[in-house]
Amino acid sequence: MPVVDPEFLLAISPLHPKHEAVTRRVKELENLMVTDTCLLWLQALLAASGKSPSQARLALLTLRQLLEELGVREVNTISSEVLALQAAIMARHKLGFFRSLLAASAIALNEPLLSDDTSYDMVAGLKRIPLTPTDEENVGGDTEKTT
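Numbers given in the numbering used here equal positions in the sequence shown, counted from 1, plus 330.
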């Protein structure tokens, strides 16, 4: 049950360049999940881009409907344990706040992360599945950092 990253959420839009990849991945992979930490990250992106609270609300409600239609379920992961793990990942790997928080959520769930962001590859215990596989990778292929 892979955990999705914010790029997946943005690429649900048919106008996004990776929309076809997202559509393909939804069909290939079962039981995709979006964590509360990923949704929090998206909320912060909306605020940082200048969206008003009412625009952010509408975007999130629309997203929720699209996720339900795609069969992507929301899961809650925020806990003191996840926050402590986030801090450790942030310090050890120099990932930003939200990247390390999303990595901690995926690790806590013991699930891979569906993302094209290779910065996750350095995080021990986190398996990454590319959102858009390259020609060298098979469809559904993944990379895993074992150190």
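FYI, nobody ran anything at the bench for these hints, they're computed from the structure.
It cannot be assumed that every hint is accurate.
No more than 16 Å apart at the CA atoms, straight line, and that leaves these computed lysine to aspartate or glutamate pairs for EDC-like [as the list claims (entries may be wrong)]:
#1 Lys357 - Glu411
#2 Lys457 - Asp447
#3 Lys381 - Glu441
#4 Lys348 - Glu441
#5 Lys424 - Asp447
#6 Lys348 - Glu337
#7 Lys457 - Glu441
Simulated DEER-style distance windows between Cβ atoms [claimed, not checked]:
#8 Ala414 - Thr448: 23 to 31 Å
#9 Ser449 - Ile408: 34 to 42 Å
#10 Ser410 - Glu360: 12 to 20 Å
#11 Arg394 - His349: 33 to 41 Å
#12 Thr392 - Pro347: 18 to 26 Å
#13 Leu400 - Ser379: 29 to 37 Å
#14 Thr448 - Met331: 36 to 44 Å
C-beta: ideal position from N, C-alpha, C; glycine also.
Now the hints, each set against the structure:
Distance restraint check for Lys357 and Glu411: the Cα-Cα separation of roughly 33 Å exceeds the 16 Å cut-off, and the hinted pair is therefore not satisfied. Proposed proximity of Lys457 and Asp447 is supported: the alpha carbons are some 12 Å apart, at most 16 Å. With a C-alpha separation of about 32 Å, the suggested pairing of Lys381 with Glu441 is violated against the 16 Å cut-off. Between Lys348 and Glu441 the alpha-carbon distance is near 22 Å, which puts this suggested pair outside the 16 Å criterion.
For the hint pairing Lys424 with Asp447, the CA-to-CA distance comes to about 14 Å; that is within 16 Å, so the pair holds. Restraint check for Lys348 and Glu337: the C-alpha separation of about 9 Å stays at or below 16 Å, so the hint holds. Simply put, Lys457 and Glu441 have alpha-carbon atoms about 7 Å apart, close enough for the 16 Å limit, and the pair holds. Ala414 and Thr448 have their C-beta atoms about 25 Å apart, which keeps the hinted 23 to 31 Å range intact.
Look at Ser449 against Ile408: about 21 Å separates their beta carbons, and that is not inside 34 to 42 Å. The hinted range of 12 to 20 Å is not satisfied by Ser410 and Glu360, whose Cβ atoms lie roughly 31 Å apart. The supplied range of 33 to 41 Å is broken by Arg394 and His349, whose beta-carbon atoms lie about 18 Å from each other. Taken as a hint, the range 18 to 26 Å holds for the pair Thr392 and Pro347, whose Cβ atoms sit roughly 20 Å apart.
In this structure, Leu400 and Ser379 break the distance hint of 29 to 37 Å, their C-beta atoms being roughly 23 Å apart. Distance hint check for Thr448 and Met331: the Cβ-Cβ separation is about 22 Å, which falls outside the suggested range of 36 to 44 Å.
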